[in-house]
Amino acid sequence: MNLSISLTVNGVRRDVELSDPRVTLLDLLRERLDLTGTKKGCDRGQCGACTVLIDGRRINSCLALAVSHDGADILTIEGVARGDQLHPVQAAFIAHDGFQCGFCTPGQIMSAIGLIGEAQAGNDPERIRECMSGNLCRCGAYAGITEAVLDAQQTLATANQRRSA
Amino acid sequence: MKNFEYVRPSTVPDAIAAAAAPGAAYLASGTNLLDLMKGGITRPDRLVDVTRLPGLDRIERTADGGIRIGALVRNSDLAHDPDFARSYPAVAEALLSGASAQLRNAATVGGNLLQRTRCGYFYDTASACNKREPGTGCDARNGENRLHAVLGWSEACIATNPSDFCVPLVALDAVVEIEGRSGRREVALEALHCLPGDTPERESLLEPGDLIVALRLPAEARAFSAHARYLKIRERTSYAFAVVSAAACLWVEAGKIRDARLALGGVAAKPWRAHAAEKVLVGANADASAFRRAAEVALADAKPSGDNLFKIELAKRIIVRTLTLAAAGTPARIPALPASPFASVSGVPA
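Those protein sequences? They're chains A and B, same order as listed. Numbers 1 to 165, taken from our numbering, label the letters of the first sequence in order. Numbers 1 to 350, taken from our numbering, label the letters of the second sequence in order.
Take the hints with a grain of salt, since some may be wrong.
As the list claims (entries may be wrong) - Here are the computed lysine-lysine pairs in the BS3-like style, where the Cα-Cα straight-line distance is at most 30 Å:
hint, chain 1, residue 1, chain 2, residue 2
1, B, 2, B, 38
2, B, 279, A, 40
3, B, 256, B, 279
4, B, 279, B, 303
5, A, 40, B, 2
Simulated from the structure, these hints should not be mistaken for lab results.
Generate coordinates for the entire structure from the input sequences, incorporating the hints supplied.
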């Protein structure tokens with residue numbers, strides 16, 4: 001079978017010839033497309049550092065076989081800011097000290113963007129924590145992360161209201 | 001990871017033909033399979049990608065008022081389907097208590113039914129494991145086994161089935177639709193998984209090439225929607241497998257239990273339907289003494305397989321608590337709050 005695939009990554013079409021079907025989406029992003037913002041933590045779906053959005057849904061890219069996602073629309077941490085203007089979730093992580101070493105942060109931010117899109121947590125910190133449980137932070141910045149997600153969600157809701165008003 | 005041939009058939013018959021060959025495995029989302037392949041626990045020669053097969057991603061009402069869920073429906077989509085969550089709230093609650101949001105977004109209904117055990121010795125290729133390599137022995141038997149089975153286990157294997165989803169499904173008489181080399185057939189979910197006996201490598205009734213295409217819940221299962229809960233006890237608040245879990249579904253009329261469904265997770269190699277305990281409940285008042293009698297009956301045949309005597313008592317308490325929650329009524333919002341089993345229990349401080 002032909003192992004050439006075509007993805008849209010951060011709005012740009014990327015055609016990739018795979019030498020091997022074993023390549024995960026995570027390794028493809030990092031090793032073939034030089035998008036190293038997405039991190040490899042456990043590589044086994046347990047830590048969430050590799051979280052990206054596929055067709056708008058947050059998933060673990062380490063457990064996604066690249067060849068199986070031919071045609072998908074991928075959003076990574078490199079694609080969320082607009083030029084120098086940070087995404088509201090990125091800005092909120094800075095404002096609330098939602099990180100220390102920063103290794104888990106791209107995954108945390110992509111997961112938070114996914115969470116806000118899912119609209120299941122509301123403004124209940126307990127539900128935010130539950131919905132972010134797939135992202136581990138070994139520095140223990142969880143308190144700041146929860147605050148950042150709540151804040152960013154509010155910012156995005158206000159922006160949406162303004163847009164629809 | 002061992003290399004493999006990757007094929008992506010576009011029809012179910014082509015998929016079955018490709019997967020019937022020795023060494024072939026189906027790939028859906030891969031959240032379990034790729035993990036197993038990275039660890040060298042599963043080493044398929046060929047992956048048959050079923051994710052593009054047409055028509056397997058739908059949730060639809062059946063003619064008799066039940067529901068039919070395509071095997072490729074994602075766990076999160078099913079849990080958040082309003083009609084489904086309203087009709088089968090314990091199933092939605094179980095789905096949302098499993099794994100993480102990322103994994104639920106990827107994992108499929110069909111894959112979840114065939115999720116492999118999380119026994120650490122199964123995962124460790126340096127350990128003896130009759131399930132992974134038949135005839136090599138079971139290092140769990142005299143190892144770290146406090147989380148292993150207390151029902152239905154054998155000397156050959158004491159592993160548990162880790163699925164949350166399957167627990168309320170088996171309680172509600174779910175049926176699995178299978179396409180195979182000899183056509184389509186249906187199997188009750190309760191009969192799909194096998195107890196280990198002397199052949200723990202055989203985990204289900206499925207034959208080579210068999211593909212789960214859908215799952216059905218009968219219309220009668222809706223009768224329990226007002227009193228249905230799934231409670232999962234974990235070693236951390238979220239994102240962990242069950243130590244013990246229970247699904248309890250009651251049909252209560254004027255304080256009396258007209259019908260009852262009860263199943264346990266984390267206690268055996270299959271989702272464990274507690275038929276005898278259900279019989280105790282039917283006709284009884286929906287009160288603590290009936291719940292305690294049901295719990296005793298449900299665990300009557302349990303025995304520890306290692307350092308896990310505590311799980312028998314824990315399972316009894318979880319049954320009583322889940323029945324108590326179910327009797328109090330399905331919460332308006334499902335899940336009530338999967339992260340905190342302590343937050344939603346009356347009489348237990350948050």
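Tested hints:
1. B:2 - B:38: Distance of about 8 Å is within 30 Å: holds.
2. B:279 - A:40: violated (51 Å)
3. B:256 - B:279: holds (13 Å)
4. B:279 - B:303: It holds: about 22 Å lies between the C-alpha atoms, which stays within 30 Å.
5. A:40 - B:2: holds (20 Å)
The structure is inconsistent with hint 2 alone, although it conforms to all the rest.
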